[in-house]
Every structure is written in structure tokens, then in C-alpha cells.
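Participant: One-letter residues, chain by chain:
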Amino acid sequence: MAQEIEFNLNGEQITCAVEPPTLLVDLLRDRFGLAGIHVACETSRCGSCVIHIDGRSVKSCIILAVEVDGCSVMTIEGLADGERLHPLQTAFGDCGGRQCGFCTPGMVMSALDLLQHNRDPDESEIREWMEGNICHCMGYHNIVGAVQAAASELQADTEV
Amino acid sequence: MTMGADKNRRDVPIRGAVGSALPHDSAHLHVSGAALYTDDIAEPRNLLHIALGMSTRPHARIHNLDLSKVLAAAGVVEVLTAEDIPGKNDFGPVIADDPILAPGLVQFVGQPMFAVAADTVEQARRAARLAVIEYEDLDAILDLDEAVAAKSFVLPSEKLQRGDSGAAISAATHSVSGRVRLGGQDQFYLEGQIAMAVPREGGDLYVYSSTQHPGEVQHTVAAALGKQNKDVIVECRRMGGAFGGKESQPAQIACIAALVAARTGRAAKLRLDRDADMIMTGKRHDFVIDYNVGFNDEGEIEGCEFTFASRCGMSADLSGAINDRTMFHSDNAYYLKNITIVSHRCKTNTVSNTAFRGFGGPQGMFAIEYVIDDIAACLGKDPLDVRRRNFYGTTDRNVTPYQQTIEDNIIGEIVDQLERTADYRKRRAELQNYNENSRWLKRGIALTPVKFGISFTATHLNQAGALLHVYTDGTVHLNHGGTEMGQGLFTKVAQVVAEELQIDIDRIKITASDTSKVPNASATAASSGSDLNGKAAQVAARTIKERLIVFAAEHYGVRRDEVRFVNNHVYVGATELTFAELAHQAWFARISLSATGFYRTPKINYNRATFSGRPFYYFAYGAAVSEVVVDVLTGEHRLLRVDVLHDCGQSLNPALDLGQIEGGFIQGAGWLTSEELCWNTDGALTTHAPSTYKIPACSDLPVDFRIAMLESHANREDTIYRSKAVGEPPLMLAISVFHAIRDAVASVGDHKSSPLLQAPATPEAILRAITRMQGGDL
Ligand code: FES
Ligand code: FES
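The listed protein sequences derive, respectively, from chains R and F.
Using the numbering used here, read the first sequence as starting at 1 and increasing by one per residue.
Using the numbering used here, read the second sequence as starting at 161 and increasing by one per residue.
Simulated from the structure, these hints should not be mistaken for lab results.
Honestly, I wouldn't trust all of these hints.
Covered stretches of chain R, as calculated for chain F (at least 3 residues, CB under 8 Å) [unchecked claim]:
hint, stretch
1, 36–50
2, 71–77
3, 134–141
Which residues of chain F face chain R? A few of them, derived with a C-beta cut under 8 Å, are [stated by the list, open to error]:
hint, residue
4, M399
5, R434
6, D545
7, T581
8, G646
9, E822
10, G935
Taking CB as the label site, the calculated pair distances span [to be verified]:
hint, chain 1, residue 1, chain 2, residue 2, range
11, R, G33, F, D279, 16 to 24 Å
12, R, P21, F, S913, 29 to 37 Å
13, R, G11, F, K229, 17 to 25 Å
14, F, P762, R, E83, 43 to 51 Å
15, R, P20, F, A202, 48 to 56 Å
16, R, I14, F, E306, 53 to 61 Å
Positions of the beta carbon are idealized from the N, C-alpha and C atoms, including for glycine.
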């Protein structure tokens, strides 16, 4: 029996019917065409599918769609302000923070959670935080660099 | 003619010239989630989803395959077996021994026997489990020792010999021999194998495939369907990683999707989930290496013998060329006067192993580096001194065992420089001191070199094509036979075109690899992507430029050498035009603004029968120093510092090249330390998900990671802007990590002997090596 749920998706109020076993990632990708959420392991081990629910990062491959009833969901597609990229996106783009780019949306969304709760993380905090996001292309060095660059950018922004 | 604003721009250099550190062309799309991978392409109406029924036995006859329940399951539209394949049931890239769907005989756990197509992914996957299968088990060969003993080989064993190694070893003052096991590695591209086939009119098919080799997918799909190549188009815009794992294997995935599409008339998609991908698709070959080496008091190698046995799995796939490359790289950077290399290509009842970054080269290099360490331990020397002692010369001692004269040797220079910048000697002394005073934590350091041969060893594959259109607004459509897997090939080739035409790179549309634009392209592999496709695109760009020059000279009545392309502008004698203006004028004058380019690598020639000639156009060099600390009680280690010096020739794009070096290094470190593949006694892979298969994570990264590119060393050969290939070589820099660990373990026994450490150096392997050093029982 399909269940009706209501949630906010990237700033838009949504009401839709879902079958209870539907995974959140499938709902978002298939029904709402949010293809920036990637699926690489389907078992919560790689971080490619990370999105935010009520401001915290979660792996959408192990969450049921019905669980976001009443919540606010943000995906990589909702991060930019119109044409203007979020500083994290700019940093991942500039600092060589990606190669094939498949892990990138998940990386950005994980890093966003970190920076929203810790404005000035040091390198080891970043490394530890990003541990749940696997990349098999890069040495992570540039990923850490991108998070640091975005952190200073965001600080500069708020100071102005 | 030219507007004022443009006049000001003529002094502004073009964006994206060769040598600029430009980000990847898709950077903006990647970070906004808008880059489309195959699974993200808008799905056609009525799309079917496919799941596979896989063998649970390593070797068995299928007596009865009862699929009635599968067919009756909810949402199922079609079920296919080998019998439903109208054409050739094979996707073997070299030899026809790779069935798309197993025809009555299964040869490894995970081999697909049937395909289920249903309305949803879940329906297909659920239905696939409902088959009732009667197997008759046959004897299975699951490990390398068994395979060698039974002479179970997918291809004949090969031997490469120079001089008399046996006599040289007997006559040598010292000798050591041993055996080491070296594990395989899963490619673990984040985007799994996937293809979507869409029927078109008249029975034609359009296939989206995540592949390094669209041409082969096209040809294989056509053959499987009993169609001709012209009836199938294959497209790939980008892959979410590949690393060799998408060289031969995507053909199978695409064939299955195409079979379903052809049969049902509906578009069909097959995406393997991670477990199926790891169980069903091939990996880097694991090896057993036997060695025997004789040397003098200085550590100079007098004679050396290697016997390689590699796990090829159930079929030949690309194992012939992979194992050849192992033989070609078991010299690494060292002159081996008397050498015998025997290579067994073992057939086992496990998944067919395949290409993976380095393509057999890393295993060969691993072998000789292991031997050098043994020599150093035997003589009580610093391994670096033994390495240096054996380096190839520049004017003598410079012929490889396969008779190629090395003309571009710079390994001595690289190692000298790195030894200095990494403070190798000083740190080694400090380490010794540290270890003497530390009982449970031991540190180790190692410097290892890399010399990697660039070109496909199969000469005919060293060719490439490109297609270039210039539109009347001066913008450009660029296509070539290479594929984009994250390495930045598309960006590099676009830089070449930008440089040639002197236009901003944003004016060039980079387009998906497409078999209808460039035919018969080789796989993007062997690190050759930018070497080959860059040159082909350069030829196409120069053809068009030449036409424009001839036109402009005539039109404006100037000499041809008075036409110059600079900074988005063209100077025709005293007249100044924008590139767009000239393009428009040329079109109006009925000049063709479309051209193809073709390139074949010069100088190479190689006789496979005698293993001699010049398989490689040139060599890429590099070296790395790694320092680790090992916990003697747990066997765990940490990578403390890494210094790399790598040769990219004159880099086309330093930002992308640095990324390749860093990523290759960490991937190599994963192979040699944490990424362990385990099979159980029933032949099933037990490490088929990231929960059990440990890819390096962010927290495993060396805290101190210093990468430098060798400065001002243009390629001696006439490669594209004198750059060097950089895809594979850096992976092997990580051999230094393994040897740093070995060094740390050796310190447990005061460096009196060289520890037997198997790769990957997992905590268990390290503990076993330490226990052995301490004379304990295992
Ligand atoms: S796909 Fe969700 S964590 Fe890997
Ligand atoms: S960039 Fe390819 S997996 Fe991270």
C-alpha cells in the first residue's frame, strides 16, 4: 500500500505517494530525476549517495523514502544558489578535488555537514570526517585541500 | 574589420593552452551533480531492467536450468539463456573463450547463466533468484599451485632469455632464491559496469556503455546479435572510473542489454550492483613468483631467473598481453645481463582476470624490487646502493632483455635528485636510531624507481583517429577515439586543439566517444590516451588550419607565411580578423571546415615470436621514497611521509598530471597493503563489497605527501608537445610503500635477513613476517 509523504526537497514542498519499501535514493533519482546522487555500493559503505536530511548528512541508499516524511531534504542539486556555486563546489572544482567525479557529489555533501558544524576544522578532523566517502581515483590530498579552501572562503564570507 | 573590443583581446593569451593547469573540463558539472554517467541518461519509455542469474559452482555442467518460476515472477518480461543468442556467444577480446551467457558449462562462481528483464530493477533481481538449477560438479582448480602442477594454462607458457643465467648464478659469489605471493586487486571503479541499449529503426541499436573501448563493444554486440558493425552505434561520454576494468568486460554487459533490447523491441539497461560487479568481473592478476639471483660483493646482478605464475581465471581475456608486460617489466630500471623469465598463464576456476592500471607491469617490477631488497639484506648494504649499482646505463648496459635499446634513460638523475630532496640518507640514519630505542614501533624507509614502457605491445593497436568541425561562428566540435574515465583526456586533447587553432578552449565542444564518428578506435589504455588521440586531433586541427591559411592568403593576396593564428585572432598580412570571422569567410568561399586526423606511433616494431624489437616508443620514469611505522604487536602500519619525483616530459596539463601521480600512488599503495581478495574453498569470492574489501580511505593518506614533477625534461621522442604518458606509471611508485614496510619488519631482526613478506602487506601478513623474523611458529 502506497503511503503519502510530505517533505521539503531542495526548497520545494513535495507531496507524493511511495511504496513503503522504496529506498530514498531510488525515489530521488527515479521520481525526481536527481541524478547527481550516485549509487556505488548500495550498502552505506562508499558515501556516493550522501544527501542532507534536516541539515545532517546521511547515506540515502540505506534510508527508506517514508522516513523523510515531514523532513527537509537537500541534495547536491539544491546546493548552488542559482548559477552561483557554493564555495565547497567551487573548491572541489578548482583544487583538483575530483577526477572521474563520481564520488564528488557525496564528498561535497559530507564536507558541507562538517563545515556547518565546525567552521574551522583542522586537517585531521577533515580526514577523519571524510573517512566514509571512498574515492578510488585520487589520493584524497586534493579533497582535504578543497575542504580547507572552502572553509576559509566561508569564513571570509561571514567576516565581511 | 575587427571591433575595438576584440582588438584589446588580441594580446590576451588563449584560455586552455597546452601546458596550462586547467581543471578537468567537466569540473563544473561534477561538482553540481550535473555530469551525466550512463545510469543518469534520461531513460526511454518502457525501459526494461536486467538482472543476471549467476553460477554458484566453480566448475560444473548445468544439467537442468529450470527458469519457469523466474519467467512467472511479477514484472518479468523476458528471460534469456545462451540458446537465445542469435549470433556469436562470445565476448573474448583475443580468443573466443568467453561466453556471454554460460552454455551448459559454468567455470567460476558468479558466471552469468541467464538474464532476466523486468519492469523494475527490483523485480528483475528478485526473479533472478528463483531459478532451479541442477549442477553436476566437476573438478575445480582454485589456486595457482594446483594450476601449475596440473599444467592448467589458458595460453602456452612463454620464456624470455638472454645470456646464460644458470651458469652466471652458479659462478656468482652470492646467490639468493625465494618465492613470494603477490595479491590481485579489484578495480573498484565507483561507477559499476553498466550499459543501456535502445532499439532504433530497422533493427539498429544505439548502445550507451561505460567502456574504455566503444569500438570493441560495437563489434561484439553486432556479432552477438548476428548483425553487422554498421547496425550498432556505441556511445560513452564519461565513466565513473575504469582503471582497466572497463577495457574488455563492458562488451559482455552491453551484449546482454542489446540482446534484450533486440528481442523485446524495448530499451534495456543492465547495471551490476557492487557485489555482482566484484564477483562477476575480472581483476588484477595475482601471482606466485619464484626467483633465483646471483650477484657479486657490490650487489651487481650477474644472473637472474624468474618464474611467474599468474591467475588468469577461466579464460584468456587480455592475459596474454598482460603477462607479456610482466616479462617486459621484470627488469624495471636494471640491467640484467643474464636473465631467464618464464611465464605461466594459469587457468583456474575463478573469474577471468583482466586489465588493471599497469597491465602486468607492476607485478614484474614488484618481483625485481623484491629481489634487490634480498640482495641488499644479504650483503648488509643499503638497498638504494644496490639499486643504483644495477641501473641501466645511458650509453652502455642499456639494452633490455627484449633487445630494445634504452635511449632516454634518466633514472639516475631522478633518483639522485629525490635522494637529496627527500633527505633519504639522513632519515635512514635517524630511523635506525629510532628503531634501536623503540621496541614496539618500528619505522622503515625505501626508495624505489619506476621505468615504464609506453605503447601497446601489440603494435597494431597504436593508432588513433579524430574528427573536427569548425562552425561558422568559429566554434569547434571535437571528437576522437579516446574515452574519458576521469583522467582528463578530453581536456588535454581539447588543449591541443586550442593551442593549434589559437582559440579559447571554451570555444571547443568536447563530445562523447562515439563509434559513428571515429571508427575502429583502440581501447583507451596502456597510458596512451593523450599520446595517440592528442596527435590525431592535432593532425585534424592542422588540416583545417592549413585550408584556412591557403584560403586567407589567396583571398587577401598575401603570402601563406604571412597568415598567423594568435590569441583568438588571425593576422593576414596587415589585416586582422577574429578566428570566427575567418571561419565564416572560409565557409562562404566554400572551403571545407571539417577534417579527420589519424596518427600511428612511429618507430615501434616488435616480434612477439622472439620477444624482441622495440615494443615501446619511449619510457616514463619516476621514483618515490616512502616512510612507514609498523606496530610490531598488531601488524598495523601507517604511511608517514611520501616523496615523489615523476617524469611527465613537458606536461600538457600539470594539474591533471599531478592528480594522476597522486591517485596512482595511493591506488598502488592500496594494492600492496590493504586491498585483499579472498576466495573460500568453494571458489567463491568472500571480499565482494567495500565492507570486506578495504580501499584506502581519507584517513589512510600520508600526512606528509610531497609530489614533484621533473622539471625541464621534454620527451626525447616527438610525442604530443613532448609530453609523456602518465596514466599507469605512478601506480608503481607505491612499491616503495611495500618495501618501507619490509624495511621496518627487517629491523625486528636487526636487518640480518630479509623478511618473507607477502603482498598485500595486511596486518596479518606483516605479523606473519614478524613472527618468522623472530623465529616463531606460524
Ligand atoms: S551507495 Fe550509498 S553509501 Fe554507497
Ligand atoms: S573522482 Fe573518481 S571516485 Fe573519486
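Participant: Within the assertion that chain F covers the stretch 36–50 of chain R, do at least three residues meet a Cβ-to-Cβ distance smaller than 8 Å?
Facilitator: holds (count 11)
Participant: Just to be careful: measuring from the Cβ of G935 of chain F to every Cβ in chain R, is the smallest value less than 8 Å?
Facilitator: Cβ of G935 of chain F sits 38 Å from chain R, so the hint is violated.
Participant: For P20 of chain R and A202 of chain F, compare the CB-CB distance with the range 48 to 56 Å and indicate the outcome.
Facilitator: For P20 of chain R and A202 of chain F the Cβ distance comes to about 27 Å; the hint is violated.
Participant: Once the shortest beta carbon distance from D545 of chain F to chain R is found, is it less than 8 Å?
Facilitator: Constraint on D545 of chain F not satisfied, violated at 29 Å.
Participant: Next item in the hint list is G646 of chain F. Is there a CB on chain R closer than 8 Å to its CB?
Facilitator: Because about 3 Å separates G646 of chain F from the closest Cβ in chain R, which is inside the 8 Å limit, the hint holds.
Participant: Okay, the stretch 71–77 of chain R and chain F, do three or more residues pass the C-beta test at under 8 Å?
Facilitator: holds (count 3)
Participant: With a cut-off of 8 Å on the beta carbons, see whether R434 of chain F makes it to chain R.
Facilitator: At about 5 Å, which falls below the 8 Å cut-off, the nearest Cβ of chain R leaves the hint on R434 of chain F intact, so it holds.
Participant: Does the beta carbon distance between G11 of chain R and K229 of chain F stay inside 17 to 25 Å, or does it fall outside?
Facilitator: Since the Cβ atoms of G11 of chain R and K229 of chain F sit about 46 Å apart, the hinted range of 17 to 25 Å is violated.
Participant: May I ask you to test the interface hint for M399 of chain F with respect to chain R, counting a Cβ-Cβ separation under 8 Å as satisfied?
Facilitator: holds (6 Å)
Participant: Mind checking the CB of E822 of chain F against every CB in chain R and telling me if the closest is under 8 Å?
Facilitator: holds (4 Å)
Participant: Evaluate the given range 53 to 61 Å for the C-beta pair formed by I14 of chain R and E306 of chain F.
Facilitator: At 58 Å between Cβs, range holds.
Participant: Just to be careful: measuring from the Cβ of T581 of chain F to every Cβ in chain R, is the smallest value less than 8 Å?
Facilitator: violated (18 Å)
In this structure, the earlier hints numbered 6, 7, 10, 12, 13, 15 are contradicted, and the remaining ones agree with it.
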